[in-house]
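Numbering (our numbering), first residue to last: 84 to 188.
Note that these hints are calculated values from the structure, not bench results.
What you are looking at is a predicted structure, and each value in this text was computed from that prediction instead of being measured.
For each residue, glycine too, the CB sits at the ideal point set by N, CA and C.
Among the clues, some could well be false.
Estimated spans, in silico, between C-beta atoms of each pair [as the list claims (entries may be wrong)]: (1) Ile134 with Met97: 49 to 57 angstroms; (2) Ala112 with Leu175: 15 to 23 angstroms; (3) Lys187 with Asn136: 55 to 63 angstroms; (4) Leu133 with Asp181: 41 to 49 angstroms; (5) Ala112 with Phe171: 15 to 23 angstroms; (6) Arg185 with Asn154: 33 to 41 angstroms; (7) Ile158 with Ser96: 27 to 35 angstroms; (8) His179 with Phe121: 29 to 37 angstroms; (9) Lys187 with Asn154: 33 to 41 angstroms; (10) Leu141 with Arg109: 33 to 41 angstroms.
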Amino acid sequence: MEARMRERVDARSMETRIDSMHQRDRLGAMAFVIGLWFTLVFTLVTMWPLIENGTIKLVLAISAALVLAFNTAAIVAMLRHYSDDKSFIYGLDIMHLDEMRRRKR
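Based on the sequences and whatever the hints tell you, model everything.
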(Lines of atoms letter the chains of each structure in order from A and count residues from 1; the text may use other names and numbers.)
(Lines give C-alpha, C1' and ligand atoms only; values in the text may rest on other atoms or scores of the structure.)
Protein backbone atom coordinates (compact mmCIF):
# COMPACT_ATOMS: atom_id res chain seq x y z
CA MET A 1 0.00 0.00 0.00
CA GLU A 2 2.77 2.42 0.93
CA ALA A 3 4.66 1.58 -2.28
CA ARG A 4 1.58 2.43 -4.35
CA MET A 5 1.21 5.77 -2.59
CA ARG A 6 4.87 6.53 -3.25
CA GLU A 7 4.42 5.64 -6.95
CA ARG A 8 1.46 8.04 -7.18
CA VAL A 9 3.46 10.83 -5.55
CA ASP A 10 6.42 10.09 -7.83
CA ALA A 11 4.11 10.10 -10.88
CA ARG A 12 2.67 13.48 -9.87
CA SER A 13 6.15 14.82 -9.24
CA MET A 14 7.28 13.52 -12.64
CA GLU A 15 4.32 15.17 -14.40
CA THR A 16 5.08 18.44 -12.63
CA ARG A 17 8.72 18.26 -13.70
CA ILE A 18 7.73 17.37 -17.26
CA ASP A 19 5.31 20.30 -17.43
CA SER A 20 7.97 22.61 -16.02
CA MET A 21 10.59 21.54 -18.56
CA HIS A 22 8.08 21.75 -21.40
CA GLN A 23 7.05 25.26 -20.38
CA ARG A 24 10.69 26.41 -20.26
CA ASP A 25 11.32 24.96 -23.72
CA ARG A 26 8.19 26.66 -25.08
CA LEU A 27 9.32 30.01 -23.67
CA GLY A 28 12.80 29.53 -25.12
CA ALA A 29 11.44 28.65 -28.55
CA MET A 30 9.08 31.63 -28.53
CA ALA A 31 11.94 33.92 -27.45
CA PHE A 32 14.02 32.59 -30.33
CA VAL A 33 11.25 33.27 -32.85
CA ILE A 34 10.66 36.77 -31.51
CA GLY A 35 14.41 37.46 -31.57
CA LEU A 36 14.64 36.18 -35.13
CA TRP A 37 11.77 38.43 -36.24
CA PHE A 38 13.31 41.50 -34.58
CA THR A 39 16.75 40.75 -36.00
CA LEU A 40 15.59 40.25 -39.58
CA VAL A 41 13.21 43.20 -39.55
CA PHE A 42 15.92 45.43 -38.02
CA THR A 43 18.43 44.28 -40.64
CA LEU A 44 15.96 44.83 -43.46
CA VAL A 45 15.01 48.32 -42.24
CA THR A 46 18.65 49.27 -41.64
CA MET A 47 19.90 48.07 -45.02
CA TRP A 48 16.90 49.23 -47.09
CA PRO A 49 18.06 52.83 -47.67
CA LEU A 50 21.55 51.65 -48.65
CA ILE A 51 20.31 49.44 -51.49
CA GLU A 52 19.66 51.33 -54.69
CA ASN A 53 18.68 48.47 -57.00
CA GLY A 54 14.96 47.64 -56.83
CA THR A 55 15.53 44.01 -57.84
CA ILE A 56 17.94 43.48 -54.97
CA LYS A 57 15.42 45.05 -52.58
CA LEU A 58 12.75 42.67 -53.83
CA VAL A 59 15.01 39.62 -53.48
CA LEU A 60 16.04 40.74 -50.00
CA ALA A 61 12.44 41.26 -48.86
CA ILE A 62 11.26 37.92 -50.27
CA SER A 63 14.24 36.10 -48.73
CA ALA A 64 13.60 37.63 -45.32
CA ALA A 65 9.91 36.75 -45.52
CA LEU A 66 10.69 33.14 -46.46
CA VAL A 67 13.25 32.74 -43.68
CA LEU A 68 10.77 34.10 -41.14
CA ALA A 69 7.88 31.98 -42.46
CA PHE A 70 9.79 28.70 -42.59
CA ASN A 71 11.57 29.14 -39.26
CA THR A 72 8.38 30.18 -37.50
CA ALA A 73 6.49 27.23 -39.01
CA ALA A 74 9.26 24.83 -37.98
CA ILE A 75 9.25 26.06 -34.39
CA VAL A 76 5.44 25.86 -34.19
CA ALA A 77 5.54 22.30 -35.57
CA MET A 78 8.25 21.35 -33.07
CA LEU A 79 6.21 22.75 -30.18
CA ARG A 80 3.14 20.80 -31.29
CA HIS A 81 5.17 17.61 -31.53
CA TYR A 82 6.69 18.21 -28.10
CA SER A 83 3.21 18.80 -26.65
CA ASP A 84 2.00 15.49 -28.07
CA ASP A 85 4.99 13.45 -26.88
CA LYS A 86 6.17 15.47 -23.89
CA SER A 87 5.85 12.59 -21.42
CA PHE A 88 8.16 10.42 -23.52
CA ILE A 89 10.62 13.18 -24.50
CA TYR A 90 10.95 14.84 -21.13
CA GLY A 91 10.56 11.63 -19.15
CA LEU A 92 13.79 10.35 -20.70
CA ASP A 93 15.53 13.65 -20.01
CA ILE A 94 14.44 13.65 -16.36
CA MET A 95 15.45 10.02 -15.94
CA HIS A 96 18.95 10.79 -17.27
CA LEU A 97 19.27 13.97 -15.20
CA ASP A 98 18.29 12.07 -12.05
CA GLU A 99 20.82 9.33 -12.86
CA MET A 100 23.58 11.93 -13.36
CA ARG A 101 22.72 13.51 -9.99
CA ARG A 102 22.81 10.11 -8.30
CA ARG A 103 26.23 9.37 -9.78
CA LYS A 104 27.63 12.70 -8.57
CA ARG A 105 26.72 11.90 -4.97
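Taking the hints in turn, this is what the structure says about them:
1. Restraint check, Ile134 to Met97: a C-beta distance of roughly 54 angstroms satisfies the suggested window 49 to 57 angstroms.
2. The beta-carbon spacing between Ala112 and Leu175, approximately 19 angstroms, falls within the hinted interval of 15 to 23 angstroms.
3. The hinted window of 55 to 63 angstroms between Lys187 and Asn136 holds, with their beta carbons roughly 59 angstroms apart.
4. Remark: the range hint 41 to 49 angstroms for Leu133 to Asp181 is contradicted by a beta-carbon distance near 54 angstroms.
5. For the pair Ala112 and Phe171, the supplied restraint of 15 to 23 angstroms holds, since their beta-carbon distance comes to about 18 angstroms.
6. At about 38 angstroms, the beta-carbon gap between Arg185 and Asn154 stays in the expected band of 33 to 41 angstroms.
7. For the hinted restraint 27 to 35 angstroms between Ile158 and Ser96, the CB-CB distance of approximately 29 angstroms keeps it satisfied.
8. In this structure the supplied range 29 to 37 angstroms holds for His179 paired with Phe121, their Cβ-Cβ distance being about 34 angstroms.
9. In this structure, Lys187 and Asn154 meet the distance hint of 33 to 41 angstroms, their C-beta atoms being roughly 37 angstroms apart.
10. Between Leu141 and Arg109 the CB atoms are about 35 angstroms apart, so this pair conforms to the stated range of 33 to 41 angstroms.
Comparing the model with each numbered hint stated earlier shows that hint 4 is the single one that does not hold.
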